[in-house]
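There are 2 protein chains.
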Amino acid sequence: MVVLPELASCGYPLASAEEARSCAEKGSLSLQRWQEAADGGITVIAGFSESAPDGVYNSCALIDQSGVRTIYRKLHLWDREKLLFSPGTAAPVLVDTSFGVIAMAICYDLEFPELTRNLALSGADLLALPTATPYNPRPTGTHPMAVTLAMATARLNGIFLACCDHCDSERGLPFDGGSVIVSNNGWLLAGPPPEYGEGLVMADCDLEAARDKKRGERNDLFADRRPLLYESGRP
Amino acid sequence: MVVLPELASCGYPLASAEEARSCAEKGSLSLQRWQEAADGGITVIAGFSESAPDGVYNSCALIDQSGVRTIYRKLHLWDREKLLFSPGTAAPVLVDTSFGVIAMAICYDLEFPELTRNLALSGADLLALPTATPYNPRPTGTHPMAVTLAMATARLNGIFLACCDHCDSERGLPFDGGSVIVSNNGWLLAGPPPEYGEGLVMADCDLEAARDKKRGERNDLFADRRPLLYESGRP
Numbered sequence: 010m011v012v013l014p015e016l017a018s019c020g021y022p023l024a025s026a027e028e029a030r031s032c033a034e035k036g037s038l039s040l041q042r043w044q045e046a047a048d049g050g051i052t053v054i055a056g057f058s059e060s061a062p063d064g065v066y067n068s069c070a071l072i073d074q075s076g077v078r079t080i081y082r083k084l085h086l087w088d089r090e091k092l093l094f095s096p097g098t099a100a101p102v103l104v105d106t107s108f109g110v111i112a113m114a115i116c117y118d119l120e121f122p123e124l125t126r127n128l129a130l131s132g133a134d135l136l137a138l139p140t141a142t143p144y145n146p147r148p149t150g151t152h153p154m155a156v157t158l159a160m161a162t163a164r165l166n167g168i169f170l171a172c173c174d175h176c177d178s179e180r181g182l183p184f185d186g187g188s189v190i191v192s193n194n195g196w197l198l199a200g201p202p203p204e205y206g207e208g209l210v211m212a213d214c215d216l217e218a219a220r221d222k223k224r225g226e227r228n229d230l231f232a233d234r235r236p237l238l239y240e241s242g243r244p
Numbered sequence: 010m011v012v013l014p015e016l017a018s019c020g021y022p023l024a025s026a027e028e029a030r031s032c033a034e035k036g037s038l039s040l041q042r043w044q045e046a047a048d049g050g051i052t053v054i055a056g057f058s059e060s061a062p063d064g065v066y067n068s069c070a071l072i073d074q075s076g077v078r079t080i081y082r083k084l085h086l087w088d089r090e091k092l093l094f095s096p097g098t099a100a101p102v103l104v105d106t107s108f109g110v111i112a113m114a115i116c117y118d119l120e121f122p123e124l125t126r127n128l129a130l131s132g133a134d135l136l137a138l139p140t141a142t143p144y145n146p147r148p149t150g151t152h153p154m155a156v157t158l159a160m161a162t163a164r165l166n167g168i169f170l171a172c173c174d175h176c177d178s179e180r181g182l183p184f185d186g187g188s189v190i191v192s193n194n195g196w197l198l199a200g201p202p203p204e205y206g207e208g209l210v211m212a213d214c215d216l217e218a219a220r221d222k223k224r225g226e227r228n229d230l231f232a233d234r235r236p237l238l239y240e241s242g243r244p
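Protein chains in written order, with this note's numbering: chain A, 10 to 244; chain B, 10 to 244.
Note that these hints are calculated values from the structure, not bench results.
Incorrect hints may appear among the rest.
Because identical chains cannot be distinguished in the list, a pair is counted as satisfied if it fits within a single copy or across any two copies.
DSS-like, lysine-lysine: derived pairs with alpha carbons at most 25 Å apart [said to hold, decoys possible]:
no., residue 1, residue 2
1, Lys35, Lys91
2, Lys222, Lys91
3, Lys91, Lys223
4, Lys35, Lys223
5, Lys222, Lys35
Use the sequences and the hints to build the structure in full.
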């Protein structure tokens, strides 16, 4: 399975709604090329600008030998994306593949823990996350915050996570370059690439391990939940 | 405001339900001492073994000059705690203090993102988190996973977080020593102490900053939520 970045078909950032639309109209070319790769036996998850009768979406597709299995439209748009794209109007779907159950989200979607929790509770083994995370200054020697969020999301939900980010800079916008593969216990299996630059981040993941939420003899990440008691209040 | 660890009154781990009960019976002594400190003008949040007519609880109290403001009983018990304590049966409460709105949770509670999300949505400015996190092997040069979870929880919810852990080891059980204060953007303001040992972790926090969930010109961590679309499904 190969995960490519957010808007891998056209680059990031886009200048205007017109450019987003024009990229979207050419988007089918990218899907065609990814289908050719998928025909060789790999599963491709990649972001693209999607043209639809009712708007242009910041989407990602999961493509395998049988074709486009599903398209997810980003639910939470970041900054100027709000000027370029329509937000998705459908809940994300899980895709059963020969590897395991794959969920998709895009970049800023990761900042909504209810979304990722629900994907995990619905049976996701791995969350594929195309991203384009603008660089933010950070303390020396620390990973980008997006890597921390990826690790925590994997750990809290007992799922694997594969995040592919842009790197270096495009049109003057520098990126985090925080492409990582995270295990179902939250630790990094691979990535980020050296100096957060270009690179291939690869790991073997036994996705079945994500179905075991037991932690030690007496705990279970899901069975230990007490959802009826999560509504807090003032004394 | 001072945050002390989980079961600060009696130590961790406890050997048996009998010991937990006997510690709880002596627990009022700790509350008395913390009240004396609080009388001096500080707010104390500390973990203790609580004796109640219906059981013994792994609790923490928020104490200020006006007395015990609230007691929270841990909702999610870890490992052998299940043999020693009854789980809490009430939702956590928020406490209005002169510093801001304080929420409390204990250790493993942090692994339930629905809980921390609801505390934030209910108006928490800071989550105080007494912990006793057993040491787990980790990659060289990385913080304990609990620190990653604390950072992510603060970042995703735009709240401050003050976690006080045990350190070194007690009765042969080594601890993470991951005491930290995290800002509302997820970065460490202070801690962990050198070599994850004994130490005083201090920071100034402007808790009002936690009420601004805006991020840049066009985003807001809470207003951007799309809760009606979080129920995922299979295509």
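Evaluated hints:
| no. | hint | in the structure |
| --- | --- | --- |
| 1 | Lys35 / Lys91 | within (21 Å within a copy, 58 Å between copies) |
| 2 | Lys222 / Lys91 | between (37 Å within a copy, 18 Å between copies) |
| 3 | Lys91 / Lys223 | between (40 Å within a copy, 15 Å between copies) |
| 4 | Lys35 / Lys223 | neither (46 Å within a copy, 35 Å between copies) |
| 5 | Lys222 / Lys35 | neither (43 Å within a copy, 37 Å between copies) |
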